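My request is simple: use the sequences and hints to build the entire structure.
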Amino acid sequence: MSTDDITDDLTRNTENAPPELLTRAFFFLCAALSIVTTVSIVLLLVTEAAKFFTITAPLMGIDGPTASVIDFLTGTKWEINNGRFGVLALVSATLMITIGSAVVALPLGVATAIYLSEYAEKRHRAVLKPALEVLAGIPTVVYGFFALIYITPAIKTVLPGTGTFNLISASIVVGIMIIPMVASISEDAMSAVPDELRQAGYGMGATKFDVSTGIVVPAALSGILSSFILALSRAIGETMAVTVAAGSQARFLNPLNPAAYQEGALPMTAAMVQLLLGDITGGGLAYRSLFAIGLTLFVITLVMNVISDFVARRYREEY
Amino acid sequence: MATGTRPDVIESFGQVNKTVGTVFRYLLLAATTFGIAILAVLLLFVFDDAVQPLTADPGWHLTFFLTLVVPTAAVGAYLYRRREPAFRFGASALGLLVVSLMFSSGMAMVLVDIVAPISVFAYTLALAVPAALVVAVERYERRIPFWPRLVIAVGLFYLSLFGLPGFVGTALGLPQVVPSLASLVVGLPVYPVDWMLVLGSLGLVVAAVVGNHFRRLRDRRTGLYAAGATVAVVAAVSVVGPAVGVTQIPAAVLATVTLVPVGAYVVGTALERPEKRLGIAFLAVTIGGALVGEVLVGQFGFAGPQSWVDWQFLTSAHSRTAEDAGLYPAIGGSILLMVTVAVLSFPVGVGAAVYLEEYAPDTRFTRFIDVNISNLAGVPSVVYGLLGLGIFFTYLGQPTGTVLMGGATLALLILPIVIISAREAIRSVPNEVRQASYGLGATKWQTVRNVILPQAFPGILTGTILALGRAIGETAPLIMIGAPSVVFALPTELSSAVSAMPLQVFAWASLFAGPDFYQKAVPAGVVVLVGTLLAMNSIAIVLRNRYEGGVATVNE
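Protein sequence lines, in the order shown, are assigned to chains A and B.
Under the numbering used here, the first residue of the first sequence carries the number 1, and numbering increases by one thereafter.
Under the numbering used here, the first residue of the second sequence carries the number 1001, and numbering increases by one thereafter.
There's no promise every hint is true.
Stated by the list, open to error - Some chain A residues close to chain B (C-beta under 7 angstroms, calculated; not the full set):
| no. | residue |
| --- | --- |
| 1 | 19 |
| 2 | 24 |
| 3 | 26 |
| 4 | 36 |
| 5 | 127 |
| 6 | 130 |
| 7 | 252 |
| 8 | 305 |
| 9 | 307 |
No lab work stands behind these hints: they were computed from the structure.
As the structure is a prediction and not an experimental result, all values here were calculated from the model.
Glycine residues also receive a C-beta, built at the ideal position from the N, C-alpha and C atoms.
See the structure below:
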């Protein structure tokens, strides 16, 4: 079994022996693959999206129909058949899903984190944590079906004006599926708060409630905020639940108007799925618009991930 | 002083604060269970729609309640109170039975409809023969330098799998001179019947594992007996199977993958740990109760529930009517995708984790890789789908929606998760073990191979299973690479079009939207999909709990 050959010269230099070099090269290539992945995502999205816009298409050698960058970024109508590609119609729906799921997930997630980190006994935690993981493990298409078949009818009994496809039910299920993310990252931050701070609080006569809300939460604030941003970036990229439950009609809605959530709309990710389900793989403007939305989505989520990382690092209290 | 830090003393300062604290505590608990409770209710609804337990005869419920639920609960409660190790043993044997049954049905499906048993046999043989030769060469002469040894090993495997000049020659347009061992076996004019081929490939592997297990428990002789018993059981079940209505391939697979491993686990534990023997009673009462209940129900003519998750649903393809629609091609597609994803992502993910934890110098470049991986974990799955579409379809000109394309895309998607969890597992290997290995004169690669990877393996496996669960639940990347939502035949090659369970469910829920599909096919599909995922998650959690303290045993 073992490869050590005691008859060999023990003093020889083994660091650059062939097996060492080969295996190290293999491991390095595996790690470098992640860079290759990122670079190919960026290159692919940028080059394909460049073929979509009027301003950059000539550089790519494309002379078909194109769309103007200004119209893309400021237009509020998404009508592929009429050649109108206003991404704001999609962004508004995505924003509404994000706001709606934040309303559900952020308070619940933080409350869960406080309970797990400060209150729960060990054996309760051993049951609750895997159960919460299951929330994130259910396939998103299943959540979409739940929203469409069970949650929407329930909402309709309360708010009769709600459409079959609506943003409320989609937001609720997206919120439920990102609770574990908020909870686990926030809980890590709260557990990292040193016990001396809590003991000091108790020494001053504070109750457990005071200590939790007045000491632990403020001390873990950077971690909690970074969990919010990460979870919301996940909500923005969430696809199947919104595709099934939010509808297929692209329209520009005002995210600040609560009544608008009763209507259906087309978030960015759902628009991509819809484009693909129609037969557009032959190329053309619709096919390239796919990569333009993809680039928008990638940039938004990347920026949010970077901000979350920055918040976690920059504002972390060092003890 | 001491009392100053006791919260109960402080809380008695004011009654008002105590109320606030209690209310707060219960609010937190409510918030924690809110999501779980909602999901539980939704799952209950969908289970009710799919299985319709209330359509069964009350007599059916009563029979199974009396034969299965009551005895199992009674024995289980007794063991749990009095003999907890025995209860744990019984429960894990039951869990192993369920999981291995799922495993063997998947494998039987693959052998019946995707890969012929003769090819599996041929490739097992084509891998085993050069492996044996390589070991023999090393035994005979231990001092061959590295490069010749590598050339011999690679050459033997190449010759056996591809022949001469093999696929390199085909690419250059050379004619095949020496056929490969694999093609020789496949091309044999006569070969044994299917169950013998299953026995010759899967069966011998399982027999070797079982034999080794018993050799470790007792001695060499017991090991040999166990291996012989394995072969005998598989042969017997395969011969008897067709007589009771199970065709030979499923019978052989069932014996190899379910009966033998569960039997070996039960017998081995019962031999070694007498205090756990009572756990067998739990297993026996559960299985016996189910069988007796089945017989009684048939005897009295009680009708079971009109479940949409039935044999017909699991074994037929999509149809325009919800009653006839089935999930079979999608299940096969999911299995093939899962195998492809595991093969592609496991070595690369573990390799990257080993590099980052063991080899990487602390440079800017390493930190860049680090940040990059955590950012990749946050990239939406649709974007990975676009990547797959762009690379394979736009630039490489491949047809859309193939097994390879889907597998590669999903593998890239879960790679960051595999890497992150594998790094955690590797990091949890104590540093003393590493230093001890280096102290014995081992090189880095020897330390990684003989010390770090074996110790970190359970953790790596847990993370990979969870990541694979994520991969088979993904729909969006498959839609983006153009996987067809309706497929009528199982994919048989890496280049055939593939559907998957979540994709089929999506198709029923959107393209065939209507009350009929909403109430029958979709809930049934959801139950199968969620059941598979929950089974995978539980395997991962059990593995994690069982091996959580595994590293510490080294210090004993």
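### Message
When the structure is checked against the list of hints, which entries are broken? Sort them ascending.
### Response
4, 5, 7 and 9
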